[in-house]
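Chain A is already provided as a structure; the job is to place chain B on it using the hints.
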Amino acid sequence: MNAPSPAQDTAPMPPLARHLIEAGDHFIGRLQQGQRLRIVDLEGNQAADTLFYNACDVAERYSAVDTVREQGSLYLTTGSVLRSTLNRPMLRIVDDSCGRHDTLGGACSSESNTVRYALDRRHMHSCRDNWMLAIAHHPEYGLTKRDIGHNINFFMNVPVTPEGGLDFAEGISGPGKYVELVSEMDVVVLISNCPQLNNPCSGFDPTPIELLIWRH
Amino acid sequence: MNLVPDVDYRTRLPGGQHWSLRLRRGASLTLIAEEPGCNVGLLLYSAEQPLERLNLPDTLKCQHTFHLGRGHCLYSDMGRVLASIVEDDCGGHDAVGGNLGPGHFEAKGWRRIRYQQGRNERTQSGHESVLIELAKYGLGLADLSANLNLFSKLAVDEQGRLRYLPDHCAAGDRVTLRFELDVLVMLHTCPHPLDPSPDYPHRGVKIELGTLPPPDRTDVCLSHCAENARGFDNNRLYLLGQ
Chain A
-2 MNAPSPAQDT APMPPLARHL IEAGDHFIGR LQQGQRLRIV DLEGNQAADT LFYNACDVAE
58 RYSAVDTVRE QGSLYLTTGS VLRSTLNRPM LRIVDDSCGR HDTLGGACSS ESNTVRYALD
118 RRHMHSCRDN WMLAIAHHPE YGLTKRDIGH NINFFMNVPV TPEGGLDFAE GISGPGKYVE
178 LVSEMDVVVL ISNCPQLNNP CSGFDPTPIE LLIWRH
Chain B
28 MNLVPDVDYR TRLPGGQHWS LRLRRGASLT LIAEEPGCNV GLLLYSAEQP LERLNLPDTL
88 KCQHTFHLGR GHCLYSDMGR VLASIVEDDC GGHDAVGGNL GPGHFEAKGW RRIRYQQGRN
148 ERTQSGHESV LIELAKYGLG LADLSANLNL FSKLAVDEQG RLRYLPDHCA AGDRVTLRFE
208 LDVLVMLHTC PHPLDPSPDY PHRGVKIELG TLPPPDRTDV CLSHCAENAR GFDNNRLYLL
268 GQ
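Residue numbers (the working numbering), protein chains in the order written: chain A, -2 to 213; chain B, 28 to 269.
Same shape as in the complex, but just chain B:
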């Protein structure tokens, strides 16, 4: 069954930009790749207590997967589900590549375009983008955790060697997150640090914000594995009395 959000707001984030917002439990966020090879860096924090945040090791190990996709939940370090991936055309989002840093430009041979030259086409780094958004909530470097790279996929061989898959994301690919608690969402459209493009690519995404009904026992994420049912049980306890 497809989960179709009731869309209330549409916008777009051009390539190489960043944004954050608080989204309530029950809100949905759909990202639509405008071009092949898009990347969206994502971090999540509890809006109520930002010390509780996205924890990718917990997320991967409790669902026994290296690749996140439809049916997977995004867990906080406190054993609760912050968001669920309810729709996903892409199948596999990178949890170990981290962010493009200011030090990568020279090594990659990417031109650094300053504001005075490029105005809003300047080349921002994902690392600095996240620090900017974190600072708006009184958070900083110490709060920087491992980010998810939506639309990007890394293959792993038996020795653990990583390979970026440049053809993974097609134009029009969609990912929908449903938020299970009130969260602060940090996102940027800076390129993946392993993107082999000859120069810094500006690839934007369309954004749709809306609402989705709460999950029932047949929900694609809640019923995905026994672990996710227990994660939602932890959410239920957290929300007791609401």
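The following block holds chain A by itself, in its conformation from the complex:
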């Protein structure tokens, strides 16, 4: 595999931090209120399975249902406000060159893979296994399995069909596409860079993503 190329940095200020997340790897870290986070789909067609927590009290966390209901729409894009389980704004999407991000599909797990694909797919690497390792390695964030909920899939396309079906469609992302968020409170960011090999969400070829963080 070719070495991943760094994201095009179109912003005027150099970022405070950059993190490369390899395919099938994870990230956990803090973002302060007012900081800007850009998630870059370096090679395209990747899914970044992401959870956010209030850094002061992780029992309050990203809520897909509150986010979806308050914006009156299933998908996320520029202008979307990500809301918490207390229906408070956590982050705001301020820029998005992809155009649509999934709120419905959730994260793959070894257990759901047995249901979705075949009982013997249990051993395949999954997003929820990624999160389990992240929270096990980083007890300082105070997260346990009970805090693992319904996530965002940045860059993933899960349209509802006119008949009410769920379609796991080819991605609409592409190399270098990104989504940028501003934090409205101090948050913990937990990301699994999806290792899914069973469906076309990452084109059967998981690839790296990059995080860029600015102060404002």
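In case anyone wonders, no lab produced these hints; they're calculated from the structure.
All C-beta atoms, glycine included, are put in the ideal place defined by N, C-alpha and C.
A couple of the hints might just be wrong.
Stated by the list, open to error - Below, computed lysine to aspartate or glutamate pairings styled on EDC-like, alpha-carbon distance capped at 20 Å:
(1) Lys135(B) <-> Glu67(A)
(2) Lys135(B) <-> Asp194(B)
(3) Lys142(A) <-> Glu75(B)
Claimed, not checked - Listed next, with one range per pair, are the computed distances between beta-carbon atoms:
(4) Tyr142(B) <-> Asp54(A): 23 to 31 Å
(5) Pro197(A) <-> Pro41(B): 15 to 23 Å
(6) Asp117(A) <-> His91(B): 17 to 25 Å
(7) Glu160(A) <-> Asp116(B): 38 to 46 Å
(8) Gly145(B) <-> Arg119(A): 49 to 57 Å
Then chain B, alone, in the frame of chain A:
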């Protein structure tokens, strides 16, 4: 074939109220809308290990549907079937609307009726109702997952915009769940957060508790799709030796 539970207990939950109970594998819960436009918020947890709980993303995606109805299973995050929807007059239950929160009253222009004014006709929120029931089992905000809104339906257009369908639930509509593992059931009858009623509606449901025989290979839920057959296989492994 209709699955008719052997009913053992009947009660009712008035509008704007909440309840929880442990139900064993093989138990059935039938909810009957007393009025048009009823809503029942529902959450499920494994009674044995409440860290295992209803997971709506897994539930929707493994059955390739946005609308849940007869023949669908309700999955835990551990790849097991917690409950099956064996009967359903309504056809479509909302999995993305969440709960009415205390912050919605003012925005909706709904009068907030305190206990001293309304006694048991006070206006409770679904969010607080769930927190009350969760706390009875040592669970809390961190255990709050996305809830199902039975009897309520949201339409989606191509852009993903949501529209509440006010005429979806008729008086007398029934939904029957069959429990496939021992579960903690949390339910409330607070209105759907997108209910456009001019004021807080109190709409109750009749409840019937009973039993149903275990599913066989022709069962409406088990045979609904290959995924559900595998979900029940995971249940069988979980129950091995019982």
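Does the alpha-carbon distance linking lysine 135(B) and aspartate 194(B) stay inside the 20 Å limit? 19 Å, holds
Satisfaction of hint between glutamate 75(B) and lysine 142(A), Cα-Cα up to 20 Å: 16 Å, holds
If you check the beta carbons of tyrosine 142(B) and aspartate 54(A), does the distance land in 23 to 31 Å? Given range 23 to 31 Å: holds, Cβ gap about 28 Å.
Is the distance from the Cβ of aspartate 117(A) to the Cβ of histidine 91(B) consistent with 17 to 25 Å? 21 Å, holds
Hint check: lysine 135(B) vs glutamate 67(A), CA-CA at most 20 Å. Holds or violated? Given pair lysine 135(B), glutamate 67(A) holds - Cα atoms ~12 Å apart, limit 20 Å.
In this structure, is the beta-carbon distance linking glutamate 160(A) and aspartate 116(B) contained in 38 to 46 Å? About 20 Å separates the Cβ atoms of glutamate 160(A) and aspartate 116(B), which means 38 to 46 Å is violated.
For the pair glycine 145(B) and arginine 119(A), does the Cβ-Cβ distance stay inside 49 to 57 Å? 52 Å Cβ-Cβ, so the 49 to 57 Å window holds.
Lying within 15 to 23 Å: is that true of the beta-carbon distance proline 197(A) to proline 41(B)? Since proline 197(A) and proline 41(B) have Cβ atoms about 48 Å apart, the given range 15 to 23 Å is violated.
Of the hints listed earlier, those the structure fails to meet are numbers 5, 7, in rising order.
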